[in-house]
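Visitor: Chain by chain, the residues:
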Amino acid sequence: MPRDESGILSEIKKGYIIRQLQEGKRGDGRTLEQFREATIKIDYIKRAAGSAYVELGKTKIVAGIKVEAGSPFADTPNQGVLTTNVEFLPMAFPTFESGPPNEASIEVARVVDRGIRESKMIDIQALVIEPAVKVWIVFVDIDVIDYDGNLIDACTLGAVAALRSAVVSGSVVGKEDFKLPVRNTPVSVTMVKIGENIVVDPDLEEEQISSGRITVTTSEDGRLKAMQKGTTGSFTLDEIKKAISTSINVGKHLREKHLS
Amino acid sequence: MPRDESGILSEIKKGYIIRQLQEGKRGDGRTLEQFREATIKIDYIKRAAGSAYVELGKTKIVAGIKVEAGSPFADTPNQGVLTTNVEFLPMAFPTFESGPPNEASIEVARVVDRGIRESKMIDIQALVIEPAVKVWIVFVDIDVIDYDGNLIDACTLGAVAALRSAVVSGSVVGKEDFKLPVRNTPVSVTMVKIGENIVVDPDLEEEQISSGRITVTTSEDGRLKAMQKGTTGSFTLDEIKKAISTSINVGKHLREKHLS
Amino acid sequence: MPRDESGILSEIKKGYIIRQLQEGKRGDGRTLEQFREATIKIDYIKRAAGSAYVELGKTKIVAGIKVEAGSPFADTPNQGVLTTNVEFLPMAFPTFESGPPNEASIEVARVVDRGIRESKMIDIQALVIEPAVKVWIVFVDIDVIDYDGNLIDACTLGAVAALRSAVVSGSVVGKEDFKLPVRNTPVSVTMVKIGENIVVDPDLEEEQISSGRITVTTSEDGRLKAMQKGTTGSFTLDEIKKAISTSINVGKHLREKHLS
Amino acid sequence: MGTQSDIKLIEENGLRLDGRNPGDLRPIKIEAGVLNRADGSALIEWGGNKVLVSVYGPREAYPKHNQDINKAIVKARYNMAAFSVDERKRPGPDRRSIEISKVLSEALESAIMVEQFPRAQIDVFIEVLQADAGTRIAGLTAAAVAIADAGIPMRDFVTGCTAGKVNDKVVLDLSKEEDNFGQADLPIAILPKSKKIVLLQMDGDLSLEEFDTATSMIINAISRINEIQRNALSAKVKVDDAGGE
Amino acid sequence: MGTQSDIKLIEENGLRLDGRNPGDLRPIKIEAGVLNRADGSALIEWGGNKVLVSVYGPREAYPKHNQDINKAIVKARYNMAAFSVDERKRPGPDRRSIEISKVLSEALESAIMVEQFPRAQIDVFIEVLQADAGTRIAGLTAAAVAIADAGIPMRDFVTGCTAGKVNDKVVLDLSKEEDNFGQADLPIAILPKSKKIVLLQMDGDLSLEEFDTATSMIINAISRINEIQRNALSAKVKVDDAGGE
Amino acid sequence: MGTQSDIKLIEENGLRLDGRNPGDLRPIKIEAGVLNRADGSALIEWGGNKVLVSVYGPREAYPKHNQDINKAIVKARYNMAAFSVDERKRPGPDRRSIEISKVLSEALESAIMVEQFPRAQIDVFIEVLQADAGTRIAGLTAAAVAIADAGIPMRDFVTGCTAGKVNDKVVLDLSKEEDNFGQADLPIAILPKSKKIVLLQMDGDLSLEEFDTATSMIINAISRINEIQRNALSAKVKVDDAGGE
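Chains as they are written, first to last, in my numbering: chain A, 1 to 260; chain B, 261 to 520; chain C, 521 to 780; chain D, 781 to 1025; chain E, 1026 to 1270; chain F, 1271 to 1515.
Mixed in with the good hints there might be a few duds.
Said to hold, decoys possible - Straight-line C-alpha distance at most 30 Å; calculated DSBU-like pairs for lysine-lysine: (1) E:Lys-1114 - C:Lys-566; (2) A:Lys-241 - E:Lys-1194; (3) A:Lys-41 - D:Lys-956; (4) F:Lys-1359 - E:Lys-1114; (5) A:Lys-134 - E:Lys-1114; (6) D:Lys-956 - B:Lys-394; (7) F:Lys-1334 - E:Lys-1089; (8) A:Lys-134 - C:Lys-654; (9) F:Lys-1359 - B:Lys-394; (10) D:Lys-973 - B:Lys-502; (11) F:Lys-1465 - C:Lys-534; (12) C:Lys-761 - F:Lys-1446; (13) D:Lys-975 - B:Lys-502; (14) D:Lys-851 - B:Lys-274; (15) B:Lys-273 - D:Lys-844; (16) C:Lys-654 - B:Lys-394; (17) D:Lys-869 - A:Lys-175; (18) E:Lys-1194 - A:Lys-120; (19) F:Lys-1446 - B:Lys-301; (20) D:Lys-869 - E:Lys-1114; (21) E:Lys-1218 - A:Lys-14; (22) F:Lys-1299 - B:Lys-306; (23) E:Lys-1114 - C:Lys-578; (24) C:Lys-566 - E:Lys-1054; (25) E:Lys-1114 - C:Lys-695; (26) C:Lys-578 - E:Lys-1263.
Unchecked claim - Far from chain C, some chain E residues (derived; all Cβ distances over 12 Å): (27) Lys-1033; (28) Asp-1049; (29) Gly-1176.
It should be emphasised that the hints constitute simulated quantities derived from the structure, not laboratory data.
A virtual CB, placed ideally from N, CA and C, is assigned to each residue, including glycine.
Pulled out of the complex, with its shape left as it was, chain A reads as follows:
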């Protein structure tokens, strides 16, 4: 994660934020468990099979789905292929650089990917054109265009919304167009620890003073599908359990509001 541009967020400000949190208040007036306002526009990119533009507070991403015919992996001849890539565009933040994905963007992509994959959101067994020879390859590509914290959740929201709306052009293999076979709707909820408090959906300022990040992705039935603790810092087991409960609750709300 990029550092605060001015070096370090002043210790004074940090102390102030922590004291406010102890009273249950956040800088933008949210409660500790409250997500920022999210806006999702699907079909934002007509040329893609599915797409979504997501604003999560001031964080903005564009997710696009491409589906192409290709070879299956040798060890999974009867499955389609799902691949997720996240680009931290240099336009999104002063210190993001052009070039191949770095460890931060790879982590985001892999956590988003695990949520989709492990929830079995897409029925990849249904994406076989000719077993062992030709399958559908689903490319989930995400452009991060404006960064103000919590990319994992913004990207998961965008990827899931785009996949849900995706229509595959079957003409290249002489078939009819069809909707991607969607079976589940995973939602990730990310929290960070600031002082002794855990807050949901951190903005950039909160990320910068936090010590420890935890993401919990759940499926429609409230089961755990993927988790990722990230950044330095630590959690107690009780904190993790509490985070799981929060994720189930908040995730349910997000799913109802944005993905149904």
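Fit chains B, C, D, E and F to the known structure of chain A by using the hints.
Guide: Then chains B, C, D, E and F, alone, in the frame of chain A:
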């Protein structure tokens, strides 16, 4: 383009050159529309299908053609493939560096390529071995070995001369050797603006003090096939139109002298 | 080769080492033609077809053999493929860096490879599954994990020991497991020149003050199969001839002790 | 340019496949200040193109040995999103985007008052979200708005437009089909006040007369496009004045 | 996780294919100080895993603009040897190893007293010589020993263990088959004194109850594993005292 | 070396396929000062080889942390042009050219008075325009001329030659066919005054006696080749004196 090694060509010298140009004189005695002496030796590299060594003043390049059997592009199954690559060898100039092509050498390669491609110099429809399966791939590779300005024209001259002389070894596909099917002879003419003057075929010193470069590639019948304005600086529309006329005239002369 | 970390091994120490060598003594008590103690453990990596852990003094490497079915080279349709790669792991020395192989590790890999290849140690004609279509590809991969001089000989020892013990799993092509067809046992012996003396199997300290390195790889019948002079410095022809004799003698001893 | 020039791209009534007259532009919409983090930004929708531009700077050029003691370096980076074209575009720069980045950088540097910012760098990131012919010109036109939005002083706007030739007829602002199957493509960018040309590329086949017709069409269109650019900025200013963000 | 969850991984008698009970660890052996050149090192054999770790530092961070004026940077690099897995692994980092390197760096930094070494860098090189499920946790567990062997002060050890789910049953320390065909994988690393969690990843399918069972198993195992870590260090100390190296 | 040693490369009359005796060299021609921009340059034609060498330096070594405070770094870069070999060579260094660059750099550094130029770098760019067996030796032999042409002081020339074995017979200066189908290849470079060996590589199969024969042949040829090197330089000097360039 590399900067003047000593930092900046002294302002005094620059002023002198501009004043001379206003009187229609160039440092080496040429008129504004005059090309430098060019020498082209074809068949310079016996191992290539075609080749040319070009001296344009003190600028020197070697162009070599390789023709190999390979797969066509999926969207053009009934066409051969033409590809142009230019290497700014570090031997050619103190600040040229080893490594993958940079933006300057890519620009030169692409402008050379467009002139050849758009003039339909090579009949790529005639380069099919088996439709959709196997076609001839024509590699135009150019080594820049000594740099004293105007690489686009030196490289176009070399590429065109090498292609015109190229003989393809058909033995790898059980056929007779044959000459590359050449249908046209494009010539590029590059000009730069120095003060209010436009000069043809700039040497390095002229390039360094110029503001704006324009290349016009024409075919045998004097039609426009490719143009490229490059470097910072600007032209009026009238200047561009005058440059086009110059290119047609100078190009005709070059074609007669070197490529017939 | 990495430089002495403290800049330069003190000139005093260097002079001392050279004077000692003139009396036929080395820092660790060896004679000039004496190898360091070597330990070779084969089958160190169960998951590999063959493997060896080698300690040569304090230099340590791990060699592993993988054998996979793949395509032959177009110009050798009736041969298997042998490929050797050496990784100078950053764990092995303070200045070794992560990243693609550099010129030092490529040189070691290529000298090891030439010894194996030119001695015809592996009968690559016997590694054809289906001519021109499918052959066995033998990957020799070597991890350098602790560096204290003379990597060429440590890596050759490890590669040869691993290859000698390798068993190929034939199941992937419906065949029985079989031992790699080993026909010869090459041994490399590396020497460096320090002052006027030539010493066998230099440790790092000796490498750092040496001027000129020579490696001679011989086969079981004492013939030359590969040689490589490396680093700056020079040898007289007589010194080279003496180095060849030494390699034959020392190589014979090493082969008997470690590879029989 | 495409090789199949026998495809019918102009109807008997003289109209193009999308109903435009030869001299008509596609719809153009520009919004300034669409991003929060960047110093300046703009989103342009031009026909089916959707191109986002953000600007950072002037900031200290890095690495330092690249600094120019006399002026700011302008570094435009043109990039196509993986999902922007029919066949997925592999991430990372290819030769085409490297060339485009170069000519866009040079065109913008010709307009920016770079001499006011020695040792600095101005980064212009151009992301093609959806491509529909003319992306470089759309990106450049939006870039000028984003640079103005960043408060970076320019001598003049930079405004671009494309002309081309289809079915032997010169037309303005090629559509995707016209670009794929047409006979010539001529992207130009102009400083609208001085009418100076700062970007010009051409490929295909044009006679001198056709070139004249094409450039007349472009120059005619430039003032309309520049108005859209200026409107985008004043709309942004109004929002800012009204207490936006 | 694998898709074929119908493969039988637990026998009728409740034992796993390798004869272990659900809560059993595979054999673990750690040796400290196995390398000469590194500042600290350790070799761990955990089931069929063989992972070598070396540590260099604290040394000056390079390049300098990466230095943190308040603390040392911890840079773990996880790498799989070409011969470590069934199908030859192409040399060089892939996306998986880059992610693992990141979470391991963060876990280790949470334990090391990094504030004692401003501007410094601590490099932890983790080479998987033989892979058999649970390599990241094996590497992390050995890394803590190697760091201690290098004399770098830590607040606490870092000790890792994995749990998972196979045939709908929660089990400790997945084997390779269990990892390939199981239903969930949950690697965790803990500071054994404070019980703080510094690494946690999960994929597959777990209910809240299954998560509770899994974490109980792991916390129970952590103290046993930490004892093996501590024994490795004291064995090394004894060898050192006895005049070794 | 090739695997088909049963191909007939020596005729009954003892002559080689190109009519040479075993100890004969192919024709060699060297021209110095062929490039304008470089500090020194040379073009060598050796049999069908055509290799161009240019030299820059001594100039300040960059990046600075690579500088050696005691001497100049010599950096030779051997590169094959895409069109230099039968099958097009993909641009960029491969493992073979990286190894060759290393041994050529070391051979040249052994001859150059590097201690006169602390902190400096001498770049030697070797471009193989046409390859016909023995390119590294041809390049090295031309490099010595180019270095002298640049006015860089050398202890001695560097002069190279190759011997090999075909049809069980030792021969000098392998041709392409002899290199492809021969039994051994032995490139050597020597400082001709002191007879010191600064480059030596060998692969294939040689007995000690065959090695002796091969090295005798090479040492015999070296003085002839060195004469060609010296003539190239004095021809250049004459041209320069006559007012060339």
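Visitor: Now tell me if each hint is right for this structure.
Guide: We went through each hint and held it up to the structure:
| no. | hint | verdict |
| --- | --- | --- |
| 1 | E:Lys-1114 - C:Lys-566 | holds (15 Å) |
| 2 | A:Lys-241 - E:Lys-1194 | holds (20 Å) |
| 3 | A:Lys-41 - D:Lys-956 | holds (25 Å) |
| 4 | F:Lys-1359 - E:Lys-1114 | holds (27 Å) |
| 5 | A:Lys-134 - E:Lys-1114 | holds (25 Å) |
| 6 | D:Lys-956 - B:Lys-394 | holds (29 Å) |
| 7 | F:Lys-1334 - E:Lys-1089 | holds (14 Å) |
| 8 | A:Lys-134 - C:Lys-654 | holds (22 Å) |
| 9 | F:Lys-1359 - B:Lys-394 | holds (20 Å) |
| 10 | D:Lys-973 - B:Lys-502 | holds (22 Å) |
| 11 | F:Lys-1465 - C:Lys-534 | holds (27 Å) |
| 12 | C:Lys-761 - F:Lys-1446 | holds (28 Å) |
| 13 | D:Lys-975 - B:Lys-502 | holds (16 Å) |
| 14 | D:Lys-851 - B:Lys-274 | holds (19 Å) |
| 15 | B:Lys-273 - D:Lys-844 | holds (28 Å) |
| 16 | C:Lys-654 - B:Lys-394 | holds (22 Å) |
| 17 | D:Lys-869 - A:Lys-175 | holds (23 Å) |
| 18 | E:Lys-1194 - A:Lys-120 | holds (20 Å) |
| 19 | F:Lys-1446 - B:Lys-301 | holds (25 Å) |
| 20 | D:Lys-869 - E:Lys-1114 | holds (27 Å) |
| 21 | E:Lys-1218 - A:Lys-14 | holds (29 Å) |
| 22 | F:Lys-1299 - B:Lys-306 | holds (17 Å) |
| 23 | E:Lys-1114 - C:Lys-578 | holds (27 Å) |
| 24 | C:Lys-566 - E:Lys-1054 | holds (17 Å) |
| 25 | E:Lys-1114 - C:Lys-695 | holds (23 Å) |
| 26 | C:Lys-578 - E:Lys-1263 | holds (21 Å) |
| 27 | Lys-1033 | holds (22 Å) |
| 28 | Asp-1049 | holds (21 Å) |
| 29 | Gly-1176 | holds (16 Å) |
The structure is consistent with each of the numbered hints, conforming to all of them.
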